[in-house]
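For reference, the chains in residue letters:
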Amino acid sequence: MSSRLVFDGLAELREQLRNLPSDLTAEATHEVEGAANGAAAEIKRAYPVRTGNLRDGVIVTHVNQGKYAAGALVKNTSKHAFIFENGTQTRHNDLGANRGAMPPGNVFIPAAIRARRLMYEKLKAIVARAGFTVSGDV
Amino acid sequence: MSDSSAVDAAVITRLLNDATLAALMPDGVWWDVAASGKTRFVIVSLVIHFDEDQMPGTTVFEDVTYLVKAVELSTSSANIQAAAARIQELLHGATFSVTGYGLMSSQRVERVRFTEVSDDDKDQRWQHRGGRYKVMVAPV
Chain A
0 MSSRLVFDGL AELREQLRNL PSDLTAEATH EVEGAANGAA AEIKRAYPVR TGNLRDGVIV
60 THVNQGKYAA GALVKNTSKH AFIFENGTQT RHNDLGANRG AMPPGNVFIP AAIRARRLMY
120 EKLKAIVARA GFTVSGDV
Chain B
0 MSDSSAVDAA VITRLLNDAT LAALMPDGVW WDVAASGKTR FVIVSLVIHF DEDQMPGTTV
60 FEDVTYLVKA VELSTSSANI QAAAARIQEL LHGATFSVTG YGLMSSQRVE RVRFTEVSDD
120 DKDQRWQHRG GRYKVMVAPV
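If you read the protein sequences in the order shown, they are chains A and B.
Numbered as in numbering that gives the first Met the number 0, the first sequence ends at 137 without a single skipped number.
Numbered as in numbering that gives the first Met the number 0, the second sequence ends at 139 without a single skipped number.
Quick caveat, the hints were computed from the structure, so don't treat them as lab data.
Any given hint could turn out to be false.
Unchecked claim - With a straight-line cut-off of 20 Å between C-alpha atoms, the simulated SDA-like cross-links for lysine to any residue are: (1) A:LYS78 <-> B:LYS37; (2) A:LYS74 <-> B:VAL111; (3) A:LYS78 <-> B:THR114; (4) B:LYS121 <-> A:MET101; (5) B:LYS37 <-> B:ASN78; (6) A:LYS78 <-> B:ASN78; (7) B:LYS37 <-> A:THR89; (8) A:LYS74 <-> A:GLY33; (9) B:LYS121 <-> A:ALA100.
Said to hold, decoys possible - To list a few chain B residues with every Cβ distance to chain A over 12 Å, as calculated: (10) ASP2; (11) SER4; (12) ALA5; (13) ALA33; (14) ALA34; (15) PRO55; (16) THR58; (17) LEU66; (18) GLU71; (19) SER75; (20) GLY92; (21) GLY129.
Remember, predicted model here, so these are calculated numbers, not experimental data.
Every residue gets a Cβ at the ideal spot worked out from N, C-alpha and C, and that includes glycine.
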């Protein structure tokens, strides 16, 4: 006597599992790009504006990371962005008058940290919605 | 009631009370900006602070990131290198007390190093070296 066990829907499950990485990538790309754009907007709002160079130097590059990854880069191309963020000892106005040391601006890095934390929560939710258990924190 | 300023104070005290760092950076430890005329000092600045709540109004722990850097007017990098290394020893993986809190962790998350040419003397250099340190504390 022979017996046979049939799993209905196994082919569909296999198909879903095969498509899972690309489906998750599509959702994740949306969240990563949103996080980068949000961070850039927050940074631009927070910068002081004199010539506007600091604010106008903020750019977002959406990085194509391949089929199963998502990436975006927020960058400030302004020449003085780095010293604005970290503080400077040498600060002179256009006429050469010494204006003294400038404290760290702390604009770009905090916005990036905030955006990254929110993005991680959203990425965790995507994976959880797909049926995975996500533990730990960042 | 825990006061978040106590975390700032604990970091500054940790740096201020160290004789080795004081010998390397004799002009002291300053919040955000040093007094004018100082040429060898440490700057501490708040980058970002998060309260992690378990329930609304109940902070389980606080997550604070500081920029901590040695600043020196010098063309030689020997002294500032030693000062940055000492900051790292004092804060990375360190154990220190914070009034009203228990220290969970203290670690460097990013290194910072840059040089400015002095506008007053083009042969002089302001050197900055240190890092961003993440300090996590739980109110007690």
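- Query: Is it the case that GLY129 (chain B) keeps its Cβ farther than 12 Å from each residue Cβ in chain A?
  - Reply: violated, 9 Å
- Item | Given as non-interface: THR58 (chain B), which should sit over 12 Å from chain A by C-beta | Label holds. Min Cβ-Cβ 15 Å, cutoff 12 Å.
- Item | Verdict on LEU66 (chain B) as a residue remote from chain A, using beta-carbon distances over 12 Å | violated, 5 Å
- Item | Non-interface claim for ALA33 (chain B) versus chain A (Cβ beyond 12 Å) | Nearest chain A Cβ is 7 Å from ALA33 (chain B), so the label is violated.
- Task: Would you mind confirming whether the straight-line C-alpha gap from LYS78 (chain A) to LYS37 (chain B) stays at or under 20 Å?
- Result: Cα-Cα ~26 Å, so violated.
- Status of the stated non-contact between GLY92 (chain B) and chain A (beta carbon gap over 12 Å): At about 19 Å from chain A, GLY92 (chain B) clears the 12 Å cut-off, so the statement holds.
- Query: Are all C-beta atoms of chain A more than 12 Å from that of ALA5 (chain B)?
  - Reply: holds, 20 Å
- Within a Cα-Cα threshold of 20 Å, do LYS74 (chain A) and VAL111 (chain B) meet the stated pairing? holds, 17 Å
- Task: Beyond 12 Å from every chain A Cβ: check whether that's true for ASP2 (chain B).
- Result: Fine: 21 Å to the nearest Cβ keeps ASP2 (chain B) off the interface.
- Under the criterion that the straight-line Cα-Cα distance not exceed 20 Å, is the pair LYS37 (chain B), ASN78 (chain B) satisfied? holds, 15 Å
- Would you assess whether GLU71 (chain B), listed as outside the interface, keeps its beta-carbon beyond 12 Å of every beta-carbon in chain A? Violated, because the least Cβ-Cβ distance between GLU71 (chain B) and chain A comes to about 10 Å, which does not exceed 12 Å.
- Query: Is it true that the CA of LYS78 (chain A) sits at most 20 Å from the CA of THR114 (chain B)?
  - Reply: holds, 14 Å
Against the hints set out earlier in the document, violations occur for numbers 1, 6, 13, 14, 17, 18 and 21.
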